[in-house]
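Please take these sequences and the hints and turn them into a complete structure.
Heads up, the sequence shown is in my numbering, so the first residue is 94 and it goes up one at a time.
What the hints contain is simulated information worked out from the structure, not anything from laboratory work. Yeah, the Cβ is synthetic: ideal placement off N, Cα and C, and Gly gets one too. Careful: at least some of the hints might be erroneous.
With beta-carbon atoms standing in for the labels, derived distance ranges [unchecked claim]:
1. Thr105 / Leu288: 49 to 55 Å
2. Ala240 / Ala124: 43 to 49 Å
3. Pro211 / Glu236: 36 to 42 Å
4. Glu174 / Asp254: 19 to 25 Å
5. Arg175 / Ala145: 33 to 39 Å
6. Leu288 / Asn219: 26 to 32 Å
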Amino acid sequence: MIDTAAADGAQTKGERTRQRLLELAIERFGAKGYRATSVSEIARAAELTQAAVYAYFPNKEALFDAAVDADAAAAIGTATERCRDVPAAQLAPLLLALLIGGLAEHPLALRVLEGQEPEALQRLINLPALADLTELLRRRVAEAQAAGEVRADVDPAIYADGAETLILALLMAVSQIGATTESRRQLGVVSIFDLALRPPT
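As structure tokens, then:
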């Protein structure tokens, strides 16, 4: 769900309406999917006319795309915020755990990861918020290297790209197969993260 509490006071009526439409779109598309959800039912839930919705989103596809972006960005934003002070060596494993643990709260992102909306998967993996997560990993590893906290012979950018790939892959696996059946693989990925940054002894 989109966190609106902090921004409400600074938003215009139009911005609040757009945000409400996105929240409803995430809920409806997440529960029923793109094809089974109509713009008219989202408009009714928002107590707007269908024409009013089109003032914010030109068509159903644009509303769906914006909802996917918003739900996935909210999931990533919540996880990264909780990792603000986590040491670099523990950052990727904790991000992975938080993202897996928070999937149920982001129904549309979960639906896309489950493969139920294949057309949207490319959009999800190219999300600006995901690029921000990767940059966070790169920056924190570089800072930890400068402080002598992690091994110095790892390229921070390559590590961050690899971590992003593993996180996405495991998120899709957990979404499609189930968290309990993937516990062995989750532990394996966590071990890889640890070994990649552990200073040589």
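Now the hints, each set against the structure:
1. Checked against the hint of 49 to 55 Å, the C-beta distance between Thr105 and Leu288 comes to roughly 50 Å, which is consistent with it.
2. At roughly 46 Å, the beta carbons of Ala240 and Ala124 sit within the given window of 43 to 49 Å.
3. A C-beta distance of roughly 38 Å is found between Pro211 and Glu236, which places it inside the suggested range of 36 to 42 Å.
4. The hinted window of 19 to 25 Å between Glu174 and Asp254 holds, with their beta carbons roughly 22 Å apart.
5. Take Arg175 and Ala145: their Cβ atoms lie about 36 Å apart, and the range 33 to 39 Å holds.
6. In this structure the supplied range 26 to 32 Å holds for Leu288 paired with Asn219, their Cβ-Cβ distance being about 29 Å.
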